[in-house]
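K.L.:
Chain by chain, the residues:
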Amino acid sequence: MREPDAIAVVQPGWRRVHLSGLTLVGGSLVLLWVLVALFAPLLAPHDPDSTNLGALLKPPLTPGHLLGTDQLGRDVLSRIIYGTRVDLSMGLIGVMAPFTIGIALGVISGYVGGKLDTLLMRLVDVALAFPFLVLVLAILAVRGPGLGNYYIALAIVAWVPYARMVRAETLVLKRSEFVEAARLLGFSGAYVMRKHVLPNAVTPAAVFVITDIVLTILLGSGLSFFGLGAQPPTAEWGRMIAEGQAFLATSWWISVLPGIALLLLTLGFALLGDGIAKEMRVRT
Amino acid sequence: MSAPIVAVEQLAVSFVMPSGEVPAVRDVSFHLERGEALGIVGESGSGKTVTCRALLGLLPSTARVSGRIEIDGADVVSLSPTELSGLRGRKAGMIFQNPSSFLDPVMRVGRQIGEGLRLHEGLGTAGARESSIRLLEHVRIPEPEQRVDAYPHELSGGMKQRVMIAGALACRPQILIADEPTTALDVTVQARILELLQVLREEDQLSLILVSHDLGVIASICDRVLVMNDGLIVEEGLTRKVMLRPRAGYTRELIAANPSLELNAAPARVGTPPVTHPPAFEVEAAEDILTVERLSVTFGRMRGRLARRLFGPGPPPVQAVRDVSFSVREGEILGIVGESGSGKTTIGRAVVGLTEPSSGSVAFHAKAGQHGPSGGAVQMVFQDPFASLNPRMTVSRALAEPLRRHRLCEPTDLERRVRELMDWVELPVAFLERRPHELSGGQCQRVAIARALTVEPRLLIADEVTSALDVTIQKQILDLMRRLRRELHLTIVLISHDLGVVQALCDRIAVMRGGEFVEQGSVDQILRSPREDYTRELISAFPRMPIDDPRDGR
Numbered sequence: 001m002r003e004p005d006a007i008a009v010v011q012p013g014w015r016r017v018h019l020s021g022l023t024l025v026g027g028s029l030v031l032l033w034v035l036v037a038l039f040a041p042l043l044a045p046h047d048p049d050s051t052n053l054g055a056l057l058k059p060p061l062t063p064g065h066l067l068g069t070d071q072l073g074r075d076v077l078s079r080i081i082y083g084t085r086v087d088l089s090m091g092l093i094g095v096m097a098p099f100t101i102g103i104a105l106g107v108i109s110g111y112v113g114g115k116l117d118t119l120l121m122r123l124v125d126v127a128l129a130f131p132f133l134v135l136v137l138a139i140l141a142v143r144g145p146g147l148g149n150y151y152i153a154l155a156i157v158a159w160v161p162y163a164r165m166v167r168a169e170t171l172v173l174k175r176s177e178f179v180e181a182a183r184l185l186g187f188s189g190a191y192v193m194r195k196h197v198l199p200n201a202v203t204p205a206a207v208f209v210i211t212d213i214v215l216t217i218l219l220g221s222g223l224s225f226f227g228l229g230a231q232p233p234t235a236e237w238g239r240m241i242a243e244g245q246a247f248l249a250t251s252w253w254i255s256v257l258p259g260i261a262l263l264l265l266t267l268g269f270a271l272l273g274d275g276i277a278k279e280m281r282v283r284t
Numbered sequence: 001m002s003a004p005i006v007a008v009e010q011l012a013v014s015f016v017m018p019s020g021e022v023p024a025v026r027d028v029s030f031h032l033e034r035g036e037a038l039g040i041v042g043e044s045g046s047g048k049t050v051t052c053r054a055l056l057g058l059l060p061s062t063a064r065v066s067g068r069i070e071i072d073g074a075d076v077v078s079l080s081p082t083e084l085s086g087l088r089g090r091k092a093g094m095i096f097q098n099p100s101s102f103l104d105p106v107m108r109v110g111r112q113i114g115e116g117l118r119l120h121e122g123l124g125t126a127g128a129r130e131s132s133i134r135l136l137e138h139v140r141i142p143e144p145e146q147r148v149d150a151y152p153h154e155l156s157g158g159m160k161q162r163v164m165i166a167g168a169l170a171c172r173p174q175i176l177i178a179d180e181p182t183t184a185l186d187v188t189v190q191a192r193i194l195e196l197l198q199v200l201r202e203e204d205q206l207s208l209i210l211v212s213h214d215l216g217v218i219a220s221i222c223d224r225v226l227v228m229n230d231g232l233i234v235e236e237g238l239t240r241k242v243m244l245r246p247r248a249g250y251t252r253e254l255i256a257a258n259p260s261l262e263l264n265a266a267p268a269r270v271g272t273p274p275v276t277h278p279p280a281f282e283v284e285a286a287e288d289i290l291t292v293e294r295l296s297v298t299f300g301r302m303r304g305r306l307a308r309r310l311f312g313p314g315p316p317p318v319q320a321v322r323d324v325s326f327s328v329r330e331g332e333i334l335g336i337v338g339e340s341g342s343g344k345t346t347i348g349r350a351v352v353g354l355t356e357p358s359s360g361s362v363a364f365h366a367k368a369g370q371h372g373p374s375g376g377a378v379q380m381v382f383q384d385p386f387a388s389l390n391p392r393m394t395v396s397r398a399l400a401e402p403l404r405r406h407r408l409c410e411p412t413d414l415e416r417r418v419r420e421l422m423d424w425v426e427l428p429v430a431f432l433e434r435r436p437h438e439l440s441g442g443q444c445q446r447v448a449i450a451r452a453l454t455v456e457p458r459l460l461i462a463d464e465v466t467s468a469l470d471v472t473i474q475k476q477i478l479d480l481m482r483r484l485r486r487e488l489h490l491t492i493v494l495i496s497h498d499l500g501v502v503q504a505l506c507d508r509i510a511v512m513r514g515g516e517f518v519e520q521g522s523v524d525q526i527l528r529s530p531r532e533d534y535t536r537e538l539i540s541a542f543p544r545m546p547i548d549d550p551r552d553g554r
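Line by line, the protein sequences give chains A and B.
The opening position of the first sequence corresponds to residue 1 in the numbering used here, with each subsequent residue numbered one higher.
The opening position of the second sequence corresponds to residue 1 in the numbering used here, with each subsequent residue numbered one higher.
For the record, the hints were derived by calculation from the structure and aren't laboratory data.
It should be emphasised that the depicted structure is a prediction, and the values quoted were computed from it without experimental measurement.
A virtual CB, placed ideally from N, CA and C, is assigned to each residue, including glycine.
Be a bit skeptical, because a hint or two may be false.
Examples of chain B residues toward chain A, derived with CB under 7 Å [unchecked claim]:
| hint | residue |
| --- | --- |
| 1 | Leu354 |
| 2 | Gln379 |
| 3 | Phe382 |
| 4 | Asp384 |
| 5 | Ala387 |
| 6 | Ser388 |
| 7 | Pro402 |
| 8 | Val455 |
Subject to a maximum C-alpha distance of 20 Å in a straight line, what follows is the list of computed SDA-like cross-link-like pairs (lysine to any residue) [what the hints assert, rightly or not]:
| hint | chain 1 | residue 1 | chain 2 | residue 2 |
| --- | --- | --- | --- | --- |
| 9 | A | Lys115 | B | Ser100 |
| 10 | A | Lys195 | B | Thr394 |
| 11 | A | Lys115 | B | Gly300 |
| 12 | A | Lys195 | B | Pro18 |
| 13 | A | Lys195 | B | His437 |
| 14 | A | Lys195 | B | Arg434 |
| 15 | A | Lys195 | B | Arg435 |
| 16 | A | Lys174 | B | Phe299 |
| 17 | A | Lys174 | B | Arg392 |
| 18 | A | Lys174 | B | Thr355 |
| 19 | A | Lys278 | B | Pro18 |
| 20 | A | Lys195 | B | Phe386 |
Looking at chain B on its own, in the form it has when it is part of the complex:
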């Protein structure tokens, strides 16, 4: 066997801050064989991104690096900047999470791909363009001759990621480092990008390092996996082995938190608590709390006659939601699932009244005395936990404000009520005097939920509440919502792009595409026997964890 193409020994990276040195990676050693696909999995702050940036010397100047990094025999840590730039692109290419921000918006994609070729290989303009077209073809972009002259905004997210990959592969590197390459993409697009990486790996004999927070993504293409936590490698091994028989406690926790689809009737995998749905009759017997009938929402208006004559027809109105009808029973959790742009968020906003429906009706039925005292019987929790709270308000003020403003409790009772709310969302009272920037994302989300609970809503719209959070935090928030439903009898509409999240929490699922409901049904029915092709596509695109098969010899 030949020497590994990447060998890292006792790598440690710390950042020099005014307040002192902050370690990001501590003592990490691993290697990558030629032609191998290595996954690095971990939550935010685990040091996975820093590790792979260190490989190419891409760390900011405040970073202090020690240890050895060898790429194909060259020691990266001791290379000069010029030697480093020769290494980047030619030996190893890198792609990042958000392709939009790594592509120059005012440069045609062909030129951007060709940049490396002109720089490293001294190709002329025409030659670089030729190569760019070939590269676009290589990453399976249709009509490469036209697309080579496109600007980034003319391409979809998946297409942009393909362009990034083409750029990274331009100088025929032997190693491709992919840092969360599919995190910003829809699942169906993600599946296609992963497929492409798989194909390219074989065609170009690439060695691949894939960094992701998503075990499913890693499992679908990596041979070996490193699990990182807090700057250390906690477990390393063959992907299947690590996923099925994790040794480290942290890995087990990560696997348990990973929302995955339970399609088989077979008993759940190691460490996964069985999905418990409340007894069905309870919900069945309940009455509808929300009825949405033939809801349509259209953005943008047709221009008036004069404006049309002066400025032309203008952009056509966009129909975000088209003729959608559904109802939610009291105490039920309905999941609305769909990819970006499917209109799922618009439905949520129309239900709470943040967006005017252009036609159709939204009716909320609450029995007498069930309306929250402020009339805020329907509340919404949003995706971005940091944007959900007023940055200038402490937690205690944020929670007390609605209580005081709507006189929901006696002034003398205020403090007790605020503490009670903190209790509900499982936050320590010590956090009461903190401001949002002193809280983590999960904690902010809990405060946002507590604030929504102040007005005692009957229905909670949760719009992608977990998608900005790490999996273990995500699981905690889902557990919290489950508890709120059980103990406060809260009805929840969960809007998410993530089938795993929806499955973990919901009783019923509605699948959306292009502003319409593709199908609705119970979780079991949708996931096990979907009627529509689109649902099937969505399910099959969901990154799958290996399932423990007794016949499996390993």
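Only chain A is shown next, with the shape it has when bound in the complex:
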């Protein structure tokens, strides 16, 4: 027979948010990049798109070009700084539509139930049956390359995990006594879903958003690398890596430095997401 090793004799109170060291590192990284994006014009020493044929392929630490220049003489530091705006907003805008669509469909599907639920969940099954990347590429192939179409592709396919998570929570909450009490008070279904179900069901999805931002940025810069995302001459990290590829043996900085920037941005979000997820698990 099993014996419990701990018993809840004293209810733990609502502890103050206690974030671990790594979470703070992640948060600071994200904050840093946000500041860089906001103040790009102040921070960048040069116009990111202005070419300078007199200073081609200058290595880092060249006077005037701290991180060197690329094959068109554009300042790498300035391009990285301006690229922050593109990559950061790619992550943030990219998850917005899937998140909104996903949680809305999830709540409706779980709360209304019946045939609608069956229909929506079969739709989810279909979306899951296709490899995610293939679906995104197919949509881009139909609509043509570009970040706008990337967002549309995400809106079409990336809502699925959010819908599933929120639906699962909703199914539990629907049976809970406070939701039933709200129904008995004569509130409409839409109102109960919005005010009583969604705020309590959204937590796991909200935690997942941060992880999803990482995936969205990586996929977006990956597509840009292949020329399907941000179009030249936009300063975008994936695009910069692709452009520097040909010079990797001689001028490594053109590709490697944006790569490091990408790593530090996604690492920030990943650490932050992990920390928050852990915190949520402890709490609930």
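Assemble the complex: chain A is given as a structure, and chain B must be docked to it using the hints.
P.N.:
Frame of chain A, contents of chain B only:
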């Protein structure tokens, strides 16, 4: 007389929390004689569970223990983990409140019982199985040879508790510690488990420590009782003596709050206010406010023809409520009583419209202008007080929401109305900005009631509203409902498994079993002259407090 088998001296337990040390038990001393049954009674948080867990060294690592605990001469506090595990099971066995969560769901019960035997006595698989069968027989489980291979989910709650007891007794301990062993069980099952403990105590010469919040349970089998409050023993003595002539104020309060059946016409016991029923004519003259006719509710549907051919017939539909008819008069309190699974909650849900009846009708008759402005003329309050409120809403928002949403009062009047509602349920306005997790169970239940009152209902369905609460809180909630009926002229249908609660509040009782009404009648008629056997069984299973008998010499 030999030395006591358990001696506890100045036991103090506190838990180390990030916010500091929280004392759970402060200075507790008691002893248990060989063959004695000692009851420990108290409300949640009184330290009774912590005390008996400390006896076997079962406290979490955050606990700080001081004092002396001697079990048969061995000092538990100073024992090493290995010595402790030798003590558990062999010297003392323990059973807990919720047998389902203490049995491994993927392990056959025979193996679980035999685990201790293999560990402590070095029995082989076959020998352990043999012993398990004997033990199952010992705890009066029918067909032990078959049941030994059952998984926990195949057994009923009472059966699982018997399996727990068998496991605890496997290594022939001299002491059995039972922590709320019957709290999760129906009364009739509870009565049988208590009977079993009584029998086992004699057969195995056990010394018993029984922890319970229920004075009736303690009274029915314990020789001596300790009353605990806030980590201290407030009173100790022979059970009869403590129950009949309590010395401590807290004990008196506890006894007064304990819902008990008043079957004798004799004057009520010490400290119990007489049950006051309002003058009968008032209710008699009133009109029916709710008529339920031939209500049936069936869960699960028969599969369609294709599905049947593909997947077989599927589980048969369950008829939760079968052909039930009753009516409730305005201003009346009707109690629906029954054990778990009897369908009483389903009736309540069907009346408010949360469950579709499969046949029959529910008619609510309100005179013109009596419908709550939102149409929410029937409201329901639920069992779990913490689940009844949206965890993200403060009390003031929870109360203001229906008022604002249904425009039940002027925006300028909102605050006054919310304060008035708080007043009705006797909560201080200081609680308005709190969230549910900052409230106690009783306070949450009051907020839930206040929220139901916002739409000015005529009929309130109270589904087990008190069963998650301590007795003293339970009494307060019952008093509150009584007041609401008197002052707001609210009609109440009280659904409960507890005859004591129903008797304390209701005018009429309906007894349910297996989805049907067994009998209906006034409280007096049902409790004093029940017509049906099942009602009699229910009444006799209810744990009884000793009644002060003038001929009693003590």
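K.L.:
With reference to the structure, classify each hint as holding or not holding.
P.N.:
So, going through the hints one by one against the coordinates:
1. Leu354: holds (6 Å)
2. Gln379: Result: holds, 6 Å to nearest chain A Cβ.
3. Phe382: holds (4 Å)
4. Asp384: holds (6 Å)
5. Ala387: Check passed: Cβ of Ala387/B comes within 4 Å of chain A, closer than 7 Å.
6. Ser388: holds (5 Å)
7. Pro402: Given a least distance of 5 Å, the restraint on Pro402/B holds.
8. Val455: The hint holds - Val455/B has a Cβ within 7 Å of chain A, the shortest such distance being about 6 Å.
9. Lys115/A <-> Ser100/B: Cα-Cα ~35 Å, so violated.
10. Lys195/A <-> Thr394/B: holds (13 Å)
11. Lys115/A <-> Gly300/B: holds (16 Å)
12. Lys195/A <-> Pro18/B: violated (34 Å)
13. Lys195/A <-> His437/B: Given pair Lys195/A, His437/B holds - Cα atoms ~18 Å apart, limit 20 Å.
14. Lys195/A <-> Arg434/B: holds (18 Å)
15. Lys195/A <-> Arg435/B: The given pair, whose Cα atoms are some 16 Å apart, holds under the 20 Å limit.
16. Lys174/A <-> Phe299/B: With Cα atoms ~18 Å apart, Lys174/A and Phe299/B stay inside 20 Å; holds.
17. Lys174/A <-> Arg392/B: Distance ~16 Å between Lys174/A and Arg392/B Cα, so the pair holds.
18. Lys174/A <-> Thr355/B: At roughly 13 Å apart (the allowed maximum being 20 Å), Thr355/B and Lys174/A satisfy the hint.
19. Lys278/A <-> Pro18/B: holds (18 Å)
20. Lys195/A <-> Phe386/B: Given pair Lys195/A, Phe386/B holds - Cα atoms ~18 Å apart, limit 20 Å.
Checked against the numbered hints given earlier, this structure breaks hints 9, 12; the rest are met.
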